[in-house]
Each structure stands twice: as structure tokens, then as C-alpha cells.
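> Chain order of the listed sequences is A and B. Going by our numbering, the letters in the first sequence line up with residues 22 to 222, in that order. Going by our numbering, the letters in the second sequence line up with residues 25 to 298, in that order.
Keep in mind that the hints are not guaranteed to be accurate.
[Said to hold, decoys possible] Calculated pairs, DSSO-like style, for lysine-lysine (alpha carbon to alpha carbon, straight line, at most 30 Å):
(1) A:K92 - B:K290
(2) B:K283 - A:K172
(3) A:K92 - B:K60
(4) B:K248 - A:K92
(5) B:K73 - A:K92
(6) A:K92 - B:K128
(7) B:K248 - A:K200
(8) A:K200 - B:K283
FYI, nobody ran anything at the bench for these hints, they're computed from the structure.
Each chain, letter by letter, is given below.
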Amino acid sequence: MNDITVASSPLRPVDAVVVGASAGGVEALLAIFEGLGPDFGLPIIVVLHLPDAHRSQLAEVFARRLALRVKEATDKEPISPGTLYFAAPGYHLSVEGDYSFSFSQEARVHYSRPAIDYLFESAADAYQHRLAAILLTGANQDGAQGLYTVKQRGGVTIVQDPQEALVATMPQAALDRIKPDYILPLRGIGRLLCELERIEC
Amino acid sequence: MPQTQRNDDIELRLLIEAIYLKYSYDFRDYSGASIKRRVHHALRQFECKTISALQERVLHDPTAFMQLLQFLTIPVSEMFRDPEHFLAIRQEVVPVLKTYPSLKIWIAGCSTGEEVYSMAILLREEGLLDRTIIYATDINPRSLEKARQGIFSLENVRAYTQNYQKSGGQRSFAEYYTAAYDYAIFDKTLRENVTFADHSLATDSVFSETHLISCRNVLIYFNKNLQNRAFGLFHESLCHRGFLMLGSKETLDFSDYSKQFAPLLKQERIYRKL
Numbered sequence: 022m023n024d025i026t027v028a029s030s031p032l033r034p035v036d037a038v039v040v041g042a043s044a045g046g047v048e049a050l051l052a053i054f055e056g057l058g059p060d061f062g063l064p065i066i067v068v069l070h071l072p073d074a075h076r077s078q079l080a081e082v083f084a085r086r087l088a089l090r091v092k093e094a095t096d097k098e099p100i101s102p103g104t105l106y107f108a109a110p111g112y113h114l115s116v117e118g119d120y121s122f123s124f125s126q127e128a129r130v131h132y133s134r135p136a137i138d139y140l141f142e143s144a145a146d147a148y149q150h151r152l153a154a155i156l157l158t159g160a161n162q163d164g165a166q167g168l169y170t171v172k173q174r175g176g177v178t179i180v181q182d183p184q185e186a187l188v189a190t191m192p193q194a195a196l197d198r199i200k201p202d203y204i205l206p207l208r209g210i211g212r213l214l215c216e217l218e219r220i221e222c
Numbered sequence: 025m026p027q028t029q030r031n032d033d034i035e036l037r038l039l040i041e042a043i044y045l046k047y048s049y050d051f052r053d054y055s056g057a058s059i060k061r062r063v064h065h066a067l068r069q070f071e072c073k074t075i076s077a078l079q080e081r082v083l084h085d086p087t088a089f090m091q092l093l094q095f096l097t098i099p100v101s102e103m104f105r106d107p108e109h110f111l112a113i114r115q116e117v118v119p120v121l122k123t124y125p126s127l128k129i130w131i132a133g134c135s136t137g138e139e140v141y142s143m144a145i146l147l148r149e150e151g152l153l154d155r156t157i158i159y160a161t162d163i164n165p166r167s168l169e170k171a172r173q174g175i176f177s178l179e180n181v182r183a184y185t186q187n188y189q190k191s192g193g194q195r196s197f198a199e200y201y202t203a204a205y206d207y208a209i210f211d212k213t214l215r216e217n218v219t220f221a222d223h224s225l226a227t228d229s230v231f232s233e234t235h236l237i238s239c240r241n242v243l244i245y246f247n248k249n250l251q252n253r254a255f256g257l258f259h260e261s262l263c264h265r266g267f268l269m270l271g272s273k274e275t276l277d278f279s280d281y282s283k284q285f286a287p288l289l290k291q292e293r294i295y296r297k298l
């Protein structure tokens with residue numbers, strides 16, 4: 022076990038987990054979620070960049086492979102615990118102050134809609150310090166700004182070890198911007214998710 | 025004890041309130057996350073350090089407000105967006121529309137007019153445009169003016185052409201516009217029966233009975249309260265069994281009106297008033 026952990030303080034309790042991934046993201050997401058049981062108690066909200074045509078099947082693909090409840094997020098839907106949500110293709114996904122989702126079609130960010138930054142920033146506003154944000158493999162700069170906001174609000178920040186990432190650009194861009202609580206390989210992130218849930222409340 | 029708010033959130037709320045009091049534009053029930061991002065985007069363009077500074081500018085300078093309004097509304101649109109939606113209108117809705125001697129259609133939140141011209145072209149091809157009145161409304165006067173002109177960038181029109189073909193279009197899309205430099209000027213007879221008007225779903229009331237209302241990718245920017253208000257207006261305006269068309273990710277499911285409309289085609293977001 023040579024997981025690189027840079028956190029100095031004990032893990033803090035959170036109410037939700039947000040995840041951003043781009044190139045190489047499907048495999049990375051499967052790897053971090055496969056260990057989670059059907060009774061995992063936190064909501065997990067994911068933005069994954071994919072070409073438009075490929076995105077809409079995401080929830081079905083993941084539902085078949087995972088024990089978690091999986092669905093595509095819907096505009097105005099209240100966020101339920103124990104559910105893995107995927108952002109819908111072509112729309113930015115945000116979390117509102119009442120813990121429901123909202124969609125928008127503002128311009129693309131880093132050529133992406135949905136954008137990881139928009140999910141992370143809005144979730145940081147809604148959950149404040151009770152949020153964990155995970156940034157995985159990818160070939161652009163999306164998510165770095167969002168992770169910065171999560172850190173500012175006192176949330177838990179986790180970046181995939183760029184050495185291990187299929188494409189290092191995205192995690193590296195985040196590391197150039199902030200010092201996260203954790204830099205971990207996928208296996209370590211999976212284990213951390215289980216721990217985050219155990220200290221819930 | 026309630027959690028104290030961050031300065032930023034306090035200032036945002038005050039700005040929105042100031043805009044409402046001064047200019048009667050009501051953004052108070054818009055979805056918070058998106059409006060916040062748009063105001064922050066405007067801050068950079070206006071070179072204001074804080075939202076309070078922007079508020080001062082906007083409060084004392086109506087021209088600055090009109091500029092800010094361009095940031096607060098989102099003119100993202102295309103013609104025949106979601107072609108399967110328009111194909112479904114042709115196949116499932118038009119046969120019913122043909123049974124009416126005259127038609128009134130409301131395109132709410134028409135932005136720069138893409139949805140209006142799409143609908144007009146579809147109606148013309150189905151032989152319905154001559155007996156239809158289209159009300160095209162928006163809160164942004166600049167968007168309405170663009171819609172009235174019917175001039176779109178030629179580059180975008182190429183993408184619209186593909187949408188048009190997939191939507192069951194029966195002719196060559198180029199028949200509907202004249203290309204001039206980098207622009208496509210749309211046939212003005214398409215808008216002969218279109219009334220463009222300033223109307224707010226947040227503050228105005230119903231102005232006419234209608235047979236069909238199309239309001240696509242507008243309601244995502246509203247919170248549940250305001251969505252309910254808009255659905256209430258649509259319900260009041262629509263005739264018995266009238267049609268309501270929404271954007272591909274919009275739904276009545278989380279609203280107070282979910283029981284008062286029935287999906288005709290759920291996937292294509294076409295509903296009928298019960």
C-alpha cells in the first residue's frame with residue numbers, strides 16, 4: 022500500500038460526494054464505485070465528459086455493473102441519499118440550496134457541457150464544508166476551479182494520482198491550482214468513499 | 025439560529041431585489057446556481073469588484089441594466105433543436121391541429137426566434153401557417169428585436185439544415201432564406217402572422233386562449249415556485265386538450281400541475297391539458 026495521502030487532519034463528515042471525470046473516466050468511475058454496497062448512504066453526483074451520443078446510456082451501463090442505485094439526474098429533482106446520479110448530456114448540472122438539481126444551457130466550459138466546475142462550485146455553495154469532491158483522469162482543465170471552491174468552503178478534496186491516471190492533464194491541472202486533502206490511486210479513492218460513509222452524521 | 029450568509033449571497037439577493045424594484049424584471053425565483061454564475065460573469069465584463077458595485081451601476085444607469093439583462097437571460101437556441109421533437113409534432117400533433125378552423129400558438133421565452141421560425145416552417149409545410157396566429161414572447165427586448173429581424177449566422181444555419189432534415193422537413197431548407205455574406209435572412213412571409221411581444225412568465229398574466237404552447241429550455245432556469253406559476257399560466261391559456269411542448273430535459277413531474285396535464289409523448293416532452 023503506497024497510497025499517497027497528504028491529509029493531516031482526520032476525515033471530516035460529509036453529506037454528499039461530487040465526482041468529475043473526462044477521458045478514461047468510465048473505467049476509473051467503475052473502479053472507485055465497484056466496492057460500494059447497495060446500502061451506501063451518501064448521494065454521489067457525477068459529471069463525466071463524453072461525446073454527446075454516448076452519454077445517455079451511462080446510467081444503464083453503470084446500473085448493470087454496480088450495486089448502487091443509479092440514475093440520470095433530472096431538473097428540479099430532490100437529491101436522495103444512496104443514489105449515484107449522472108449529469109445529462111448537453112446541460113450543465115448544478116445543486117441548488119434546497120439540495121435539488123437544476124439544469125442550464127450556458128456556454129460550454131473547457132469545451133464541455135456538462136462542466137465539472139459548475140457542478141463542484143454549486144455543490145460547494147449548497148453543502149459548504151460537508152462535501153467531498155473527487156477529480157479523476159481527463160484531458161482538459163475542467164474541475165480545477167471547482168475543486169478550488171470546494172476547498173475554500175472547507176470541503177474534502179481528492180485528486181486521482183496523475184501518475185496512475187489514464188490521462189494526467191486534468192488531475193495535474195487541479196494539483197497546479199490547489200493542495201488537495203488526498204492524492205490517491207483509484208483503489209485508495211474507493212476505500213476512502215467507504216470511510217466517508219462510515220463517519221456520516 | 026440560521027446560518028449567516030456569505031457576503032456574496034447577500035449582495036446577489038440585494039441586486040436581484042433592486043432590479044425588481046427599479047425595472048420590474050423579476051429574477052427572484054430563478055434557479056440560484058445559474059443566476060449566480062451569470063452575475064459573476066457579468067462582474068468581470070463590467071469590471072466591477074463586487075456585486076454591490078454592479079448594483080450601484082445598474083440602479084443609476086438604465087443602459088447598464090439593459091447590458092446586464094443580456095447576461096441574465098440565456099440566448100442559447102437553435103432551429104429544429106431535438107429534431108425528433110419536431111418530427112413528433114408533425115406526426116402526432118399536426119393531425120389534431122388540422123381539425124381546428126383557426127389556430128393560436130404561443131411560443132413562450134422565444135429568445136432570438138429560432139423556435140418561432142422552426143414552428144412557422146413546419147406549419148407552412150403542413151398547410152397550417154395561413155390560419156395560425158403565433159404569439160412569440162420574451163422578456164429581453166434585444167432578443168425580440170433579433171427574432172423580428174430573422175437574420176441568423178450562415179454557419180449556424182448549416183447545423184439547422186441537418187436538424188430540419190431529421191425533423192421530417194419536406195423541402196430544401198435553403199428555400200426559406202437568402203444568403204448574404206455570412207448571414208441567412210429568413211423569408212419574411214414566415215413571420216407575417218407572428219406577433220412578437222414583451223411578456224414575463226414571472227410577472228405578467230395570460231393574454232389569449234391558445235391551442236398549443238411551446239416553452240422549451242426556459243423553465244430549467246426557474247425554481248419550483250416560478251415553474252408552477254408558468255405552468256399555471258399555460259394551463260389557463262390552453263383550450264381543452266391543448267398541447268404543451270417542453271424542452272427535452274424539462275418535466276411537469278415535480279410541479280403542482282403534474283396531474284393536470286397528461287403526456288402524449290413523454291420522451292418528446294409533448295403534453296396535453298386534461
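> Against this structure, judge whether each hint is valid.
Against the structure, the hints come out as follows:
no. : hint            : in the structure
1   : A:K92 - B:K290  : holds (17 Å)
2   : B:K283 - A:K172 : violated (43 Å)
3   : A:K92 - B:K60   : holds (27 Å)
4   : B:K248 - A:K92  : holds (21 Å)
5   : B:K73 - A:K92   : violated (40 Å)
6   : A:K92 - B:K128  : violated (38 Å)
7   : B:K248 - A:K200 : violated (38 Å)
8   : A:K200 - B:K283 : violated (50 Å)
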